[in-house]
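Number of protein chains: 2
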Amino acid sequence: MQKLRWLSATLGLLAIGSLHAEPADVIQPPTDYRHWFHVNTMIVDKASPLFDQLGGMHNVYINATGEEALKKGGPYPDGTMFVTDLHEFTVQDGSYVEGPRKVLAVMVKDAKTYQSTGGWGFQLFAGGDAKKPLVTDAAKQCFGCHEPRKDHDYVFSTYIP
Amino acid sequence: MQKLRWLSATLGLLAIGSLHAEPADVIQPPTDYRHWFHVNTMIVDKASPLFDQLGGMHNVYINATGEEALKKGGPYPDGTMFVTDLHEFTVQDGSYVEGPRKVLAVMVKDAKTYQSTGGWGFQLFAGGDAKKPLVTDAAKQCFGCHEPRKDHDYVFSTYIP
Chain A
572 MQKLRWLSAT
582 LGLLAIGSLH
592 AEPADVIQPP
602 TDYRHWFHVN
612 TMIVDKASPL
622 FDQLGGMHNV
632 YINATGEEAL
642 KKGGPYPDGT
652 MFVTDLHEFT
662 VQDGSYVEGP
672 RKVLAVMVKD
682 AKTYQSTGGW
692 GFQLFAGGDA
702 KKPLVTDAAK
712 QCFGCHEPRK
722 DHDYVFSTYI
732 P
Chain B
572 MQKLRWLSAT
582 LGLLAIGSLH
592 AEPADVIQPP
602 TDYRHWFHVN
612 TMIVDKASPL
622 FDQLGGMHNV
632 YINATGEEAL
642 KKGGPYPDGT
652 MFVTDLHEFT
662 VQDGSYVEGP
672 RKVLAVMVKD
682 AKTYQSTGGW
692 GFQLFAGGDA
702 KKPLVTDAAK
712 QCFGCHEPRK
722 DHDYVFSTYI
732 P
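In order, the protein sequences belong to chains A and B. So for the first sequence, my numbering puts the first residue at 572; every next one is plus one. So for the second sequence, my numbering puts the first residue at 572; every next one is plus one.
Any given hint could be a false lead.
Intra- or inter-copy, both count: the list cannot distinguish identical chains.
The list that follows gives simulated cross-link-like pairs (lysine-lysine, DSS-like), each with its CA atoms no further than 25 Å apart [to be verified]:
#, residue 1, residue 2
1, Lys702, Lys721
2, Lys673, Lys642
3, Lys711, Lys643
4, Lys643, Lys673
5, Lys721, Lys673
6, Lys642, Lys711
7, Lys643, Lys703
8, Lys721, Lys643
Don't read these hints as lab results, they were simulated from the structure.
Next comes chain A alone, as it looks inside the complex (with noise of 0.2 Å):
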């Protein structure tokens, strides 16, 4: 009897242990991603449809994983990561000009774990803090745009030599 309330605490720590434990499709925003490889950046103004939604200056890079795949266009391995660093642009006589960051988005490549979105887990984070993810449903809120690009293991960037 004993031993049984031993084994119930146990598990019963091991328990809160896992629920504060992250559980394996928790994605974090990596620090280190602008000495990556800058794939190429593009602006949304006001006059695209996509501005309400995607309105901004993507600043995107991929990490070493990658690379060599982006280069030929995908597939792509696991442990890949794209970050697209969405700042603000200011326009001043004609040029468009980098502001603050507004969101930082991740995708990230595990083919088992994020099987239902083509093997690919997304994140967005506003103004880039960990601690303030906004994607709760990343098959709606993410997957249905790349689904499209499946041909390119869902990815929308390309190359640019």
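Since chain A is already given, all that's left is putting chain B on it; use the hints.
Just chain B now, with coordinates in the frame of chain A:
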């Protein structure tokens, strides 16, 4: 006399040799800059008075030597290199999309070698081609515009966190 002839011939060869050697201020385009710190991006559009000279998407990078100085707004240590990878762009439904490279612009800090241009060497390479340098007079073609930025060690780029 025999010895003098030998000396003369040898000096002649050395002189020819030095004609072919590169002077200390020959700037070569770096190859790995897309893995350097991405400083920022700016687009100079048709509405800009600078469009004829500088039109395009400016992707600016700095090497590791200069990175700390960038965050403080200068001054920059010798060996600092800035690269502006200047690309064409197209406008599609309000999105400004990166195109092929126009020019690679390089600024390299060497206070002693480039005393007359604020300690910076400047070069532009058509299409990024090391064999197609475009600057023949850095003081006129480059430094004239950079000179008013003396307070920032003649650098236009600023650090955006």
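How the hints compare with the structure:
In this assembly of identical chains, Lys702 and Lys721 lie within 25 Å of each other by CA distance neither inside one copy nor across copies; the values are 31 Å within and 40 Å between. In this assembly of identical chains, Lys673 and Lys642 lie within 25 Å of each other by CA distance solely across copies; the values are 20 Å between and 28 Å within a copy. Proximity of Lys711 and Lys643 under a CA criterion of 25 Å is satisfied in neither setting, with 28 Å inside one chain copy and 42 Å between copies. Taking CA atoms no more than 25 Å apart as the test, Lys643 paired with Lys673 passes between copies only; the shortest distance there is 23 Å, against 30 Å inside one copy.
With identical chains, the CA atoms of Lys721 and Lys673 are never at most 25 Å apart, being 28 Å at best within one copy and 31 Å at best between copies. For a Cα distance limit of 25 Å, the shortest separation of Lys642 from Lys711 qualifies neither inside one copy, at 28 Å, nor across copies, at 39 Å. Within a single copy, Lys643 and Lys703 get their C-alpha atoms no closer than 34 Å, and across copies no closer than 28 Å, so neither meets the 25 Å cut-off. For the identical chains of this complex, Lys721 and Lys643 are intra-copy neighbours only, at 15 Å inside a copy versus 44 Å across copies, given an alpha-carbon limit of 25 Å.
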